[in-house]
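Student: Here is how the chains run, residue by residue.
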Amino acid sequence: MTSLFEVVSTESSVDTPIRRITVTVNGKQHTLDVEPRLLLAHLIRQGLELTGTHTGCDTTSCGACTVLIDGVPVKSCTMLAVQADGHDVTTVEGLASASELDPIQEGFRDEHGLQCGFCTPGMMLTAKALLDENPNPTEDEVRWALSGNLCRCTGYQNIVKSVLLAAEGLRAKDDVEEDEAS
Amino acid sequence: MYPARFDYAAPQSIEEAVELLGRANGEAKVLAGGQSLVPMMKLRFASPEMLIDINNIPGLAYHSADPDGTYRIGALCRHVDLEKDENLASQQPTMAAAAPLIADPIVRTRGTLVGSLCHSDPQGDWASVMSALGGSIVAQGPNGRRSISCIDFVTGPFQNVLEFDELAVEAVVPAPVGTRAGGYLKLERRVGDFATVGVAVSIEFSGTQVTRAGIGLTGVGASTICAGEAATMLVGQDLNADNIDRVAVLAAEISQPRSDHRGSEAYKRHMVATFVTRILSKLLPTTQKVA
Ligand SMILES: Cc1cc2nc3c(=O)[nH]c(=O)nc-3n(C[C@H](O)[C@H](O)[C@H](O)COP(=O)(O)OP(=O)(O)OC[C@H]3O[C@@H](n4cnc5c(N)ncnc54)[C@H](O)[C@@H]3O)c2cc1C
Ligand code: FES
Ligand code: FES
Numbered sequence: 001m002t003s004l005f006e007v008v009s010t011e012s013s014v015d016t017p018i019r020r021i022t023v024t025v026n027g028k029q030h031t032l033d034v035e036p037r038l039l040l041a042h043l044i045r046q047g048l049e050l051t052g053t054h055t056g057c058d059t060t061s062c063g064a065c066t067v068l069i070d071g072v073p074v075k076s077c078t079m080l081a082v083q084a085d086g087h088d089v090t091t092v093e094g095l096a097s098a099s100e101l102d103p104i105q106e107g108f109r110d111e112h113g114l115q116c117g118f119c120t121p122g123m124m125l126t127a128k129a130l131l132d133e134n135p136n137p138t139e140d141e142v143r144w145a146l147s148g149n150l151c152r153c154t155g156y157q158n159i160v161k162s163v164l165l166a167a168e169g170l171r172a173k174d175d176v177e178e179d180e181a182s
Numbered sequence: 001m002y003p004a005r006f007d008y009a010a011p012q013s014i015e016e017a018v019e020l021l022g023r024a025n026g027e028a029k030v031l032a033g034g035q036s037l038v039p040m041m042k043l044r045f046a047s048p049e050m051l052i053d054i055n056n057i058p059g060l061a062y063h064s065a066d067p068d069g070t071y072r073i074g075a076l077c078r079h080v081d082l083e084k085d086e087n088l089a090s091q092q093p094t095m096a097a098a099a100p101l102i103a104d105p106i107v108r109t110r111g112t113l114v115g116s117l118c119h120s121d122p123q124g125d126w127a128s129v130m131s132a133l134g135g136s137i138v139a140q141g142p143n144g145r146r147s148i149s150c151i152d153f154v155t156g157p158f159q160n161v162l163e164f165d166e167l168a169v170e171a172v173v174p175a176p177v178g179t180r181a182g183g184y185l186k187l188e189r190r191v192g193d194f195a196t197v198g199v200a201v202s203i204e205f206s207g208t209q210v211t212r213a214g215i216g217l218t219g220v221g222a223s224t225i226c227a228g229e230a231a232t233m234l235v236g237q238d239l240n241a242d243n244i245d246r247v248a249v250l251a252a253e254i255s256q257p258r259s260d261h262r263g264s265e266a267y268k269r270h271m272v273a274t275f276v277t278r279i280l281s282k283l284l285p286t287t288q289k290v291a
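Just so you know, the protein sequences line up as chains A and B, in that order. Each residue of the first sequence is one higher than the one before, counting from 1 in our numbering. Each residue of the second sequence is one higher than the one before, counting from 1 in our numbering.
I should point out that these hints are in silico values taken from the structure, not numbers from a laboratory. On a predicted model such as this, the values are computed, not experimentally measured, just so you know. C-beta atoms are modelled at their ideal positions from N, C-alpha and C, and glycine is treated no differently. There may be inaccurate statements among the hints.
To give an idea of the chain B side of the interface with chain A (calculated C-beta under 7 Å), a few residues [what the hints assert, rightly or not]:
{"id": "1", "residue": "Pro3"}
{"id": "2", "residue": "Arg5"}
{"id": "3", "residue": "Val38"}
{"id": "4", "residue": "Pro39"}
{"id": "5", "residue": "Leu101"}
{"id": "6", "residue": "Pro105"}
{"id": "7", "residue": "Thr109"}
{"id": "8", "residue": "Leu187"}
{"id": "9", "residue": "Arg189"}
Listed next, with one range per pair, are the computed distances between beta-carbon atoms [to be verified]:
{"id": "10", "chain 1": "B", "residue 1": "Ala61", "chain 2": "A", "residue 2": "Ile18", "range": "47 to 55 Å"}
{"id": "11", "chain 1": "B", "residue 1": "Glu86", "chain 2": "A", "residue 2": "Thr51", "range": "34 to 42 Å"}
{"id": "12", "chain 1": "A", "residue 1": "Ser97", "chain 2": "B", "residue 2": "Gly26", "range": "34 to 42 Å"}
{"id": "13", "chain 1": "B", "residue 1": "Ala266", "chain 2": "A", "residue 2": "Ser97", "range": "20 to 28 Å"}
{"id": "14", "chain 1": "A", "residue 1": "Arg109", "chain 2": "B", "residue 2": "Gln12", "range": "25 to 33 Å"}
Some but not every residue of chain A turned toward chain B, in silico, with C-beta under 10 Å [to be verified]:
{"id": "15", "residue": "Lys28"}
{"id": "16", "residue": "Leu50"}
{"id": "17", "residue": "Cys77"}
{"id": "18", "residue": "Gln83"}
{"id": "19", "residue": "Leu101"}
{"id": "20", "residue": "Leu130"}
{"id": "21", "residue": "Cys153"}
{"id": "22", "residue": "Gly155"}
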């Protein structure tokens with residue numbers, strides 16, 4: 001078990017409130033002691049050293065810090081780590097397996113959906129939530145779903161194309177899996 | 001950015017939450033979606049000693065109509081629950097029009113309608129919608145529940161009549177007299193921005209005749225403006241281009257916009273009138289069809 005209150009402050013005192021939480025991140029369960037004011041973004045980045053989750057604006061505007069909580073996109077700079085207790089968190093590190101990229105990552109690679117890459121983890125997780133719910137979105141639906149994620153580089157065109165390509169890839173993959181199953 | 005140090009409790013029932021609020025004696029804040037409170041705490045505009053997180057209380061995530069048509073929105077109904085409800089448009093057209101225009105899609109997965117009312121931000125969209133609909137808020141305290149009309153609920157920017165030991169458990173929209181129509185239009189500079197101007201209109205019809213009408217204005221005053229006087233002009237009449245014009249002019253007069261980086265006072269007034277006209281004009285053919 002890891003103690004994480006030192007992420008916010010190196011000195012803990014008797015008055016420091018501490019809560020023990022159990023959270024599953026990318027399939028791995030962690031039991032941790034956290035201060036209630038620890039933000040989920042910091043638990044992930046500093047505590048668990050999963051630095052794929054970026055913090056950009058730190059004011060709930062840019063979506064770079066987006067992670068999935070039980071499959072739902074959430075800005076992790078605006079959620080307390082204690083609130084993740086008992087929940088499943090997916091970060092960008094949870095997308096790829098050791099040997100293969102996720103179809104969403106392939107989409108971004110093939111359509112050049114990133115330049116500096118800062119917004120990309122948030123974009124991909126928001127896209128994942130969209131495609132899990134709607135495997136065949138229109139371009140408008142993609143733009144609408146991504147409208148809470150800001151990108152300063154690409155002008156969005158290629159991000160939208162990437163998500164549409166990823167949708168195709170995922171549908172093809174599902175077809176293959178269905179064929180194999182039958 | 002970190003919030004100042006606070007203690008945290010996640011009660012499992014409304015009663016427990018109310019008790020904790022009472023015990024904290026005014027030093028605690030309720031945490032719902034956290035999409036207004038957490039940013040304020042990070043900026044240290046708010047530093048409560050304790051947060052009472054209501055997210056683990058079962059049975060608060062509903063939005064539904066009673067058999068008599070009264071509509072209830074529980075304290076954990078998120079903006080996205082309303083946005084994705086395909087049946088909402090037929091039952092609550094004004095709410096259905098507003099839901100996709102609140103903040104951005106990710107904020108909408110956490111933020112709640114009731115939390116937005118409690119936040120009492122003059123720029124909040126739901127307060128205008130609820131005031132147009134004649135809605136109310138049900139608060140539970142140590143001595144039971146009371147109902148507060150949305151118009152009386154807000155006392156100023158970020159201020160309302162809730163006692164420190166009261167939890168808002170739901171928002172309530174009364175059953176319509178006849179059929180309900182309406183809409184919400186919002187001028188925003190980009191997704192996620194607060195309204196430069198927002199206009200909520202709700203009209204109830206019996207046949208072609210207006211039985212009840214409400215208008216709420218966002219972003220054009222120090223708090224949400226209920227332009228009820230403008231709307232009630234329509235009661236007892238059939239909608240026509242003429243009375244729509246008069247309501248639009250009156251609503252613009254009632255608004256109290258200030259010139260700022262989002263636009264001049266004159267521009268904002270003009271947009272109030274334009275939005276009232278747009279929403280009401282859309283209702284014209286429907287009512288004529290009914291006749
Ligand atoms: C980037 C961004 C853009 C936004 N844009 C818009 C916009 O365009 N339009 C808009 O209307 N809103 C906007 N919002 C605000 C958003 O809608 C919030 O979700 C909402 O204002 C507050 O709801 P919440 O559930 O997140 O409340 P919280 O942040 O949890 O709480 C807000 C306040 O209400 C109190 N409170 C909450 N629930 C209760 C309850 N049940 N009983 C008693 N007190 C309670 C809290 O103590 C706190 O003081 C935006 C927010 C962000 C971050
Ligand atoms: S860092 Fe969280 S929204 Fe920008
Ligand atoms: S690729 Fe640079 S911010 Fe999006």
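Student: Each hint should be assessed against the structure and marked as holding or not.
Tutor: Now the hints, each set against the structure:
1. Pro3: holds, 5 Å
2. Arg5: holds, 6 Å
3. Val38: holds, 5 Å
4. Pro39: This interface hint holds because 5 Å falls under the 7 Å limit.
5. Leu101: violated, 11 Å
6. Pro105: holds, 5 Å
7. Thr109: holds, 5 Å
8. Leu187: Violated: closest Cβ of chain A sits about 16 Å from Leu187/B, beyond 7 Å.
9. Arg189: At 13 Å from the nearest chain A Cβ, Arg189/B fails the 7 Å test, so the hint is violated.
10. Ala61/B - Ile18/A: 47 to 55 Å: violated, 29 Å
11. Glu86/B - Thr51/A: 34 to 42 Å: holds, 40 Å
12. Ser97/A - Gly26/B: 34 to 42 Å: Given a distance of about 51 Å, which is not inside 34 to 42 Å, the answer is violated.
13. Ala266/B - Ser97/A: 20 to 28 Å: This hint is violated: roughly 59 Å between Cβ atoms.
14. Arg109/A - Gln12/B: 25 to 33 Å: violated, 46 Å
15. Lys28: violated, 23 Å
16. Leu50: Violated, about 19 Å.
17. Cys77: Status holds, d = 8 Å.
18. Gln83: holds, 6 Å
19. Leu101: violated, 24 Å
20. Leu130: holds, 9 Å
21. Cys153: violated, 17 Å
22. Gly155: With a closest approach of 15 Å, the Gly155/A hint is violated.
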